[in-house]
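Protein chains in written order, with my numbering: chain A, 1 to 459; chain B, 460 to 918.
It cannot be assumed that every hint is accurate.
[What the hints assert, rightly or not] Derived CB-CB ranges, DEER-like:
{"no.": "1", "chain 1": "B", "residue 1": "E680", "chain 2": "A", "residue 2": "K53", "range": "35 to 45 Å"}
{"no.": "2", "chain 1": "A", "residue 1": "L363", "chain 2": "B", "residue 2": "D541", "range": "32 to 42 Å"}
{"no.": "3", "chain 1": "B", "residue 1": "Q656", "chain 2": "A", "residue 2": "S34", "range": "29 to 39 Å"}
{"no.": "4", "chain 1": "B", "residue 1": "V616", "chain 2": "A", "residue 2": "V49", "range": "50 to 60 Å"}
{"no.": "5", "chain 1": "B", "residue 1": "L830", "chain 2": "A", "residue 2": "Q122", "range": "39 to 49 Å"}
{"no.": "6", "chain 1": "B", "residue 1": "E733", "chain 2": "A", "residue 2": "K53", "range": "49 to 59 Å"}
{"no.": "7", "chain 1": "B", "residue 1": "Q656", "chain 2": "A", "residue 2": "P151", "range": "21 to 31 Å"}
{"no.": "8", "chain 1": "B", "residue 1": "T667", "chain 2": "A", "residue 2": "L419", "range": "54 to 64 Å"}
{"no.": "9", "chain 1": "B", "residue 1": "N638", "chain 2": "A", "residue 2": "E24", "range": "53 to 63 Å"}
{"no.": "10", "chain 1": "A", "residue 1": "V49", "chain 2": "B", "residue 2": "R915", "range": "46 to 56 Å"}
{"no.": "11", "chain 1": "A", "residue 1": "L297", "chain 2": "B", "residue 2": "L830", "range": "55 to 65 Å"}
{"no.": "12", "chain 1": "A", "residue 1": "D204", "chain 2": "B", "residue 2": "Q656", "range": "19 to 29 Å"}
{"no.": "13", "chain 1": "A", "residue 1": "A384", "chain 2": "B", "residue 2": "E480", "range": "50 to 60 Å"}
Calculated directly from the structure, the hints in this document are not laboratory data.
Using N, Cα and C, we set each Cβ at its ideal position, and we do this for glycine too.
Protein chains: 2
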Amino acid sequence: MTNNIQQNYEQRLAFLRDSIESGELFRVQRMLNSLHPGEIAHLVESSPVEQRKILWELIEQENEGEVLIELGDEVRASLIEDMDVSELKEAVESLDTDDMADFLQSLPGKVIHETLASMNHQDRERVQEVLGYDEDTAGGLMDTRTVTVRPDVTVDVVLRYLRQLKELPTPLDNIYVVNKHDVFLGTLPITTLLTSQPNDLIQDIMDTTPFTVPAAMNSQEVAMIFEDRNLVSCPVIDEKSHQLLGCITIDDVVDVIRDEAEHSVMSMAGLNEEDDLFSPVPVAAKKRAIWLGTNLLTAFLAAWVIGQFETTINSAIALAALMGVIPSMGGIAGSQTLTIMIRGLALGQVTSTNTRSLFTKELLIGFLNGLVWAIVVFVISALAFHEPSIGIVVAIAMLLNLIAAPVAGVLLPLLLKKLKIDPALAGSVLLTTITDVVGYAAVLGLAALTLPYWQRILG
Amino acid sequence: MTNNIQQNYEQRLAFLRDSIESGELFRVQRMLNSLHPGEIAHLVESSPVEQRKILWELIEQENEGEVLIELGDEVRASLIEDMDVSELKEAVESLDTDDMADFLQSLPGKVIHETLASMNHQDRERVQEVLGYDEDTAGGLMDTRTVTVRPDVTVDVVLRYLRQLKELPTPLDNIYVVNKHDVFLGTLPITTLLTSQPNDLIQDIMDTTPFTVPAAMNSQEVAMIFEDRNLVSCPVIDEKSHQLLGCITIDDVVDVIRDEAEHSVMSMAGLNEEDDLFSPVPVAAKKRAIWLGTNLLTAFLAAWVIGQFETTINSAIALAALMGVIPSMGGIAGSQTLTIMIRGLALGQVTSTNTRSLFTKELLIGFLNGLVWAIVVFVISALAFHEPSIGIVVAIAMLLNLIAAPVAGVLLPLLLKKLKIDPALAGSVLLTTITDVVGYAAVLGLAALTLPYWQRILG
Chain A
1 MTNNIQQNYE QRLAFLRDSI ESGELFRVQR MLNSLHPGEI AHLVESSPVE
51 QRKILWELIE QENEGEVLIE LGDEVRASLI EDMDVSELKE AVESLDTDDM
101 ADFLQSLPGK VIHETLASMN HQDRERVQEV LGYDEDTAGG LMDTRTVTVR
151 PDVTVDVVLR YLRQLKELPT PLDNIYVVNK HDVFLGTLPI TTLLTSQPND
201 LIQDIMDTTP FTVPAAMNSQ EVAMIFEDRN LVSCPVIDEK SHQLLGCITI
251 DDVVDVIRDE AEHSVMSMAG LNEEDDLFSP VPVAAKKRAI WLGTNLLTAF
301 LAAWVIGQFE TTINSAIALA ALMGVIPSMG GIAGSQTLTI MIRGLALGQV
351 TSTNTRSLFT KELLIGFLNG LVWAIVVFVI SALAFHEPSI GIVVAIAMLL
401 NLIAAPVAGV LLPLLLKKLK IDPALAGSVL LTTITDVVGY AAVLGLAALT
451 LPYWQRILG
Chain B
460 MTNNIQQNYE QRLAFLRDSI ESGELFRVQR MLNSLHPGEI AHLVESSPVE
510 QRKILWELIE QENEGEVLIE LGDEVRASLI EDMDVSELKE AVESLDTDDM
560 ADFLQSLPGK VIHETLASMN HQDRERVQEV LGYDEDTAGG LMDTRTVTVR
610 PDVTVDVVLR YLRQLKELPT PLDNIYVVNK HDVFLGTLPI TTLLTSQPND
660 LIQDIMDTTP FTVPAAMNSQ EVAMIFEDRN LVSCPVIDEK SHQLLGCITI
710 DDVVDVIRDE AEHSVMSMAG LNEEDDLFSP VPVAAKKRAI WLGTNLLTAF
760 LAAWVIGQFE TTINSAIALA ALMGVIPSMG GIAGSQTLTI MIRGLALGQV
810 TSTNTRSLFT KELLIGFLNG LVWAIVVFVI SALAFHEPSI GIVVAIAMLL
860 NLIAAPVAGV LLPLLLKKLK IDPALAGSVL LTTITDVVGY AAVLGLAALT
910 LPYWQRILG
């Protein structure tokens, strides 16, 4: 099977498609059984709907829960629809408590209740604890199964205790030290445990000031801390009682990082990171329609601005042809600034302490690029279109719009963030509106006011 | 110090700015000393240039290497410029071998040579081994410091051996089992080591079919495997000799994931993920100018298309006002498809096996949305602009462009990938060109050919 594992996704997908098309489902089944649930989920997400259904039938029941938890929301929901309560219960029971809680939240209420009722007392308590926290907080990310020891025992005792536990949670890079009331006292790194002498007392070798996070901490902040500190796991502590609630491990944090990054990319095109690559056409068309509708509204706003200059346009056809250049350039310049701002906000690099510096920097860049492109657009208008007077109008409008664009690109996401609107989602379409309206108004307004003057001078 | 650590980035940055402004540099120094190098790097990247220089002076020498390695390329290069050879050598020496290799590659040749010469034999060999691999491969990501044991020893012997090593690499979730020729035999998970009996032989408890990666594997593929299999570390094997070369750990993979995700966001706006948030205005302006220049070229192409329809425009001012709507809508629809394709390609979800399904799906979505928005644009043109005949022209052009846009959105990134051009980088501007040209040509061509006919019918 090693061979299958070493294959890349492209080869695997081709193998699956060919095997399904030729009806050799046993080959598909053998391949699926050799893969990790995350890899199966990856293949499921990459398969068109009909092929996906066949794959799903061939996945072993014991893997179904793990595969479901690795899928995007939309794909997961479409598969859950066809499962009955007993199948769902079995799928849930194979999961870690943090994954269990996430998964339960995506199920219908009736199934949640039945599944909880069928669990043993300890598991139910653990899941309900995680369910009590928002999905997007440290509490929602944590696994409540931790290995804990007391401070007054020796390394030898801990090693013997671990040997008695049949199974240890993975990844395991820290054991936690608590008192009898579960109050967190410190962390015992596995590497310290392994390099200490058998008679050493835990309280003498443990790290008493380790990094901990409160259960209410936002998951994006948790992810940033993991990245900056290269953590593999981190204890979650109750802020009031200082009790150990659980621990967050890197595998869950990687998902947060990936989701957050995709959110930026997808939101800027009015899409959602949980969308299915192969979602049904009516569903996908409807989702995209909202964005197109918003854009239509803004495009008409621009058309209305143009309409206000009827006589100006009538008098100069070259202007009608050239004016589209201005909003187009503003759109690009604005979206560059916007992208930087959105990335900076997501990474926590843009804060109220440095916005003034950023604003100045972006304004200067806008001014410099405005000058350069104003000259270029003038030269082209004069030489290629033989319209130097219109060239001057277009050039000044270019400068104005390339200054307005970065200003909007900096201020808009900050304003949206203050209004609790996601800048990645709403920023792009609002920005285009601003650059379109300012652009058209500048070029046509300048033409209406100054074109006769330039024509008189330049002939 | 716990208090400082629990503060979020915003508060830390405000504290830094205020302390620097009031000249209380000792407070800045105390804070920096309490932070992890990754967190210091985060603060450095978020600080405007003048403040950044002060911060850099206050960072302890022993931390400089770790901070530099966590910085983006542009920021790192600007700080390295002001360091002399001996400072650089000291910074390099504090790093892991994989980080060392990365860092050395960003230094001038003279410094690389001097630094390598000043290392002890073992370190130099390790670094040179990593330097032999491309930065973007498993070999370039790996750390050559691994803990290895022989298969014929007992758990007790391994535990005693580990105790003798003063320091263990972290994160440590696997020990590797090799023969005397360094040929890889298997993996001993730390959790297995801890739960086995002292007399157990390693060869009886080790995992003999663990997941391994060849040194030449692309780092993005490595990242996908880590994500899908929830790995914390993975051995890197020489494909021919089957010798253990080193191991890749999750902290380096998180950086790959983050970089890859940012590359998508930034490239779509013609930016680079390694760019400094506060890069000097002339540098930033020049970088952005390339993108704006490309756009200007394409915008003029659109203007030229408009210019071909001089008489048409002259005869209908409403058309001039309304025509901008068509390329604008095509741009949005196309960029939605493009975003999905770029994300799918980056995640390995889009491959040659499923492009036909995707193409059909996107085409249908385009047709559906085309119909909807064609009707809307017709109604608005007829009611708000009192131009039903122009409404029909604009509506048909809308339908055509909203079909052309997703077709281009699917085919363009695939074509670019085949030509070895990054779709995220070049896709957006090329797509806009296509939707602009098709849009303007459709609306004006239809007007030239059919407007008189519609005017005769509709009056």
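Hint check:
1. B/E680 to A/K53: 35 to 45 Å: Check failed, 28 Å falls outside 35 to 45 Å.
2. A/L363 to B/D541: 32 to 42 Å: With Cβ atoms ~27 Å apart, the hint is violated.
3. B/Q656 to A/S34: 29 to 39 Å: 31 Å, holds
4. B/V616 to A/V49: 50 to 60 Å: Taking Cβ atoms as reference, B/V616 and A/V49 lie about 55 Å apart, which means the hint holds.
5. B/L830 to A/Q122: 39 to 49 Å: 57 Å, violated
6. B/E733 to A/K53: 49 to 59 Å: The hinted range 49 to 59 Å is violated for B/E733 and A/K53, with Cβ atoms some 43 Å apart.
7. B/Q656 to A/P151: 21 to 31 Å: 26 Å, holds
8. B/T667 to A/L419: 54 to 64 Å: 58 Å, holds
9. B/N638 to A/E24: 53 to 63 Å: 39 Å, violated
10. A/V49 to B/R915: 46 to 56 Å: 47 Å, holds
11. A/L297 to B/L830: 55 to 65 Å: Distance hint for A/L297, B/L830 is violated at roughly 18 Å.
12. A/D204 to B/Q656: 19 to 29 Å: Holds, since A/D204 and B/Q656 (Cβ atoms, about 27 Å apart) stay within the stated range.
13. A/A384 to B/E480: 50 to 60 Å: At roughly 52 Å between Cβ atoms, B/E480 and A/A384 fall inside 50 to 60 Å, so the hint holds.
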